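Residue numbers (our numbering), protein chains in the order written: chain X, 3 to 163; chain H, 114 to 241.
Calculated from the structure, these hints are not laboratory results.
Since this is a predicted model, take the numbers as computed values, not measurements.
Using N, Cα and C, we set each Cβ at its ideal position, and we do this for glycine too.
Some hints here could point you the wrong way.
Here are a few chain H residues that face chain X, going by a calculated C-beta distance under 8 Å [to be verified]: (1) S125; (2) M128; (3) K130; (4) L156; (5) T158; (6) S160; (7) H162; (8) I197; (9) E202; (10) S214; (11) F224; (12) A226.
What the simulated footprint calls covered on chain X by chain H, stretch by stretch (three residues with Cβ under 8 Å from a Cβ of chain H suffice, anywhere in the stretch; the number is not a length) [as the list claims (entries may be wrong)]: (13) 65 to 74; (14) 92 to 99.
On the chain X side, residues computed to face chain H include the following (Cβ under 10 Å) [to be verified]: (15) Q16; (16) L19; (17) M33; (18) T39; (19) L40; (20) V56; (21) N103; (22) G107; (23) N108; (24) K110; (25) C120; (26) L121; (27) V124; (28) I146; (29) L149; (30) G152.
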Amino acid sequence: MSADAPVVGRSRQQEWLPILELAVQEVFEIMLGSHLTLATKFDPPPQGEFTAIVGLAGSLRGIVTFCCGSQSANQIAARMLGPDIAHAEGQVWDAIGEICNMIAGNFKNKLSGLGGLCLLSVPAVVTGRALRFHSMADGDSLEIVLLFEGDPLVIRLDLHA
Amino acid sequence: MSKIRALIVDDSSVMRKIVERSLRQAGIELEEVFEAGHGAEALGTLSDHPVDLILCDINMPVMDGLEFVRQVATMESAKGVPIIMITTEGSESHVVQALSSGARGYIRKPFTAEQVKEQVLPVLEKKP
Numbered sequence: 003m004s005a006d007a008p009v010v011g012r013s014r015q016q017e018w019l020p021i022l023e024l025a026v027q028e029v030f031e032i033m034l035g036s037h038l039t040l041a042t043k044f045d046p047p048p049q050g051e052f053t054a055i056v057g058l059a060g061s062l063r064g065i066v067t068f069c070c071g072s073q074s075a076n077q078i079a080a081r082m083l084g085p086d087i088a089h090a091e092g093q094v095w096d097a098i099g100e101i102c103n104m105i106a107g108n109f110k111n112k113l114s115g116l117g118g119l120c121l122l123s124v125p126a127v128v129t130g131r132a133l134r135f136h137s138m139a140d141g142d143s144l145e146i147v148l149l150f151e152g153d154p155l156v157i158r159l160d161l162h163a
Numbered sequence: 114m115s116k117i118r119a120l121i122v123d124d125s126s127v128m129r130k131i132v133e134r135s136l137r138q139a140g141i142e143l144e145e146v147f148e149a150g151h152g153a154e155a156l157g158t159l160s161d162h163p164v165d166l167i168l169c170d171i172n173m174p175v176m177d178g179l180e181f182v183r184q185v186a187t188m189e190s191a192k193g194v195p196i197i198m199i200t201t202e203g204s205e206s207h208v209v210q211a212l213s214s215g216a217r218g219y220i221r222k223p224f225t226a227e228q229v230k231e232q233v234l235p236v237l238e239k240k241p
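Please construct the entire structure, taking both the sequences and the accompanying hints into account.
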């Protein structure tokens, strides 16, 4: 997946990026027993075959996207469900959608002052590499790339101004 | 504690399986587990199958978890069945809404089996 919105908003990025990273780390540590590491420029580029999207509405408006390759998606589903029942394609979509949902929820729950004023949408999952992402959100964008078993995961927050 | 019948309500089938596994890891013996993908489906299940415990998400299509809890409160056949919410909606106002609607506990996703145990065991032990 590629995105057409620039990653901007330096001050909010400095403030919220560590919170977003912590939200992702907690989801992976608690639900999968995995610790993620920050990617460097030497790591393999993201292969976005699975993209999960969760919308934010209310006091914080925008979308959270979670993007990973098929190997990571299968491995995430296997960690969540066990290897015997995670192979069905529907289970992989479901697992990736739920990961994105938990990341979005955990992130917004960590932001003080939002309270119940920010609501999440039901997640959607898109598969395939040949897609271009056009967010209508016109505010700040934050993005982090973390490694899960050596493969990159891209987590992005696009906010409406 | 005797074996229980549980109803797990979540639009994610993956999460339903994880919740069931967490119950087993918490040492709760399950006689039967019913699953539903949203509140309306869960109401249908409840009308046909009595259960001892309900674990329910909030954000779901068709009928969300808060509306489901309100509807269960009006069902004579489900009177006294403890409901624990398991959700990403972790704000104070959601907790207050859920508890005032009739839920007996609240677990925020992501969650551990230990957290499930801490919420579920007390309500099962208090059950008449």
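Going through the hints against the structure:
Among the interface hints, the one on S125/H holds; its C-beta lies about 5 Å from the nearest C-beta in chain X, closer than the 8 Å criterion. A least Cβ separation of about 5 Å between M128/H and chain X falls short of the 8 Å threshold, and the interface hint therefore holds. Interface hint status for K130/H: upheld, as the beta-carbon distance to the closest one in chain X is roughly 6 Å, under 8 Å. This hint is violated: L156/H has a C-beta 19 Å from the nearest C-beta of chain X, more than the 8 Å allowed.
Taken as an interface hint, T158/H does not check out: its beta carbon lies about 20 Å from the nearest beta carbon of chain X, beyond 8 Å. The restraint placing S160/H at the interface with chain X is violated, with a minimum CB-CB distance near 25 Å, outside the 8 Å limit. Hint on H162/H is violated. Least Cβ distance to chain X is approximately 23 Å, over the 8 Å limit. Interface restraint check: I197/H against chain X, minimum CB-CB distance 17 Å, threshold 8 Å, status violated.
With a least beta-carbon distance of about 7 Å to chain X, the hint placing E202/H at the interface is held under the 8 Å criterion. At about 14 Å, the closest approach between the beta carbon of S214/H and any beta carbon in chain X exceeds 8 Å, and the interface hint on this residue is violated. Interface hint status for F224/H: upheld, as the beta-carbon distance to the closest one in chain X is roughly 7 Å, under 8 Å. Given hint, A226/H at the interface with chain X, is violated; its Cβ is 10 Å from that chain's nearest Cβ, farther than 8 Å.
Beta-carbon proximity to chain H at under 8 Å applies to 0 residues in the stretch 65 to 74 of chain X; the threshold of 3 is not reached and the given coverage is violated. Given as covered by chain H, the stretch 92 to 99 of chain X passes the check, having 5 residues with a CB less than 8 Å from a CB of that chain where 3 are the minimum. The criterion of a C-beta within 10 Å of any C-beta in chain H is not met by Q16/X, whose closest approach is roughly 24 Å, and the hint is violated. The beta carbon of L19/X is not positioned within 10 Å of any beta carbon in chain H (closest approach about 20 Å), and the interface hint is therefore violated.
A distance limit of 10 Å between C-beta atoms decides the matter here; for M33/X the minimum to chain H is near 5 Å, and the interface restraint holds. With 10 Å as the threshold, the beta carbon of T39/X stays out of range of chain H, its nearest partner Cβ sitting at about 19 Å, so the hint is violated. Taking 10 Å as the C-beta cut-off, the interface hint given for L40/X is violated, the closest approach to chain H being about 20 Å. Using the Cβ-Cβ criterion of 10 Å, the hint placing V56/X at the interface with chain H is satisfied: the shortest such distance is roughly 9 Å.
For N103/X, the shortest C-beta to C-beta distance to chain H is roughly 6 Å, which falls under 10 Å, so the interface hint holds. For G107/X, the suggested interface contact is upheld, since its CB lies about 3 Å from the closest CB of chain H, less than 10 Å. Against a cut-off of 10 Å between C-beta atoms, the interface hint on N108/X holds, since the closest Cβ of chain H lies about 7 Å away. Of the supplied interface hints, the one on K110/X holds, with its beta-carbon coming within about 8 Å of a beta-carbon of chain H, less than 10 Å.
The restraint placing C120/X at the interface with chain H holds, with a minimum CB-CB distance near 8 Å, inside the 10 Å limit. The beta carbon of L121/X comes within 8 Å of a beta carbon in chain H, closer than 10 Å, and the hint placing it at the interface holds. Checking V124/X against chain H: minimum C-beta separation of about 6 Å stays under 10 Å; hint holds. Interface hint at I146/X: violated, since its Cβ lies 18 Å from the closest Cβ of chain H, which is beyond the 10 Å cut-off.
Interface hint status for L149/X: violated, as the beta-carbon distance to the closest one in chain H is roughly 19 Å, over 10 Å. The interface hint given for G152/X is violated, since its Cβ lies 22 Å from the closest Cβ of chain H, which is over the 10 Å cut-off.
Violated hints, in rising order: 4, 5, 6, 7, 8, 10, 12, 13, 15, 16, 18, 19, 28, 29 and 30; the structure is consistent with all others.
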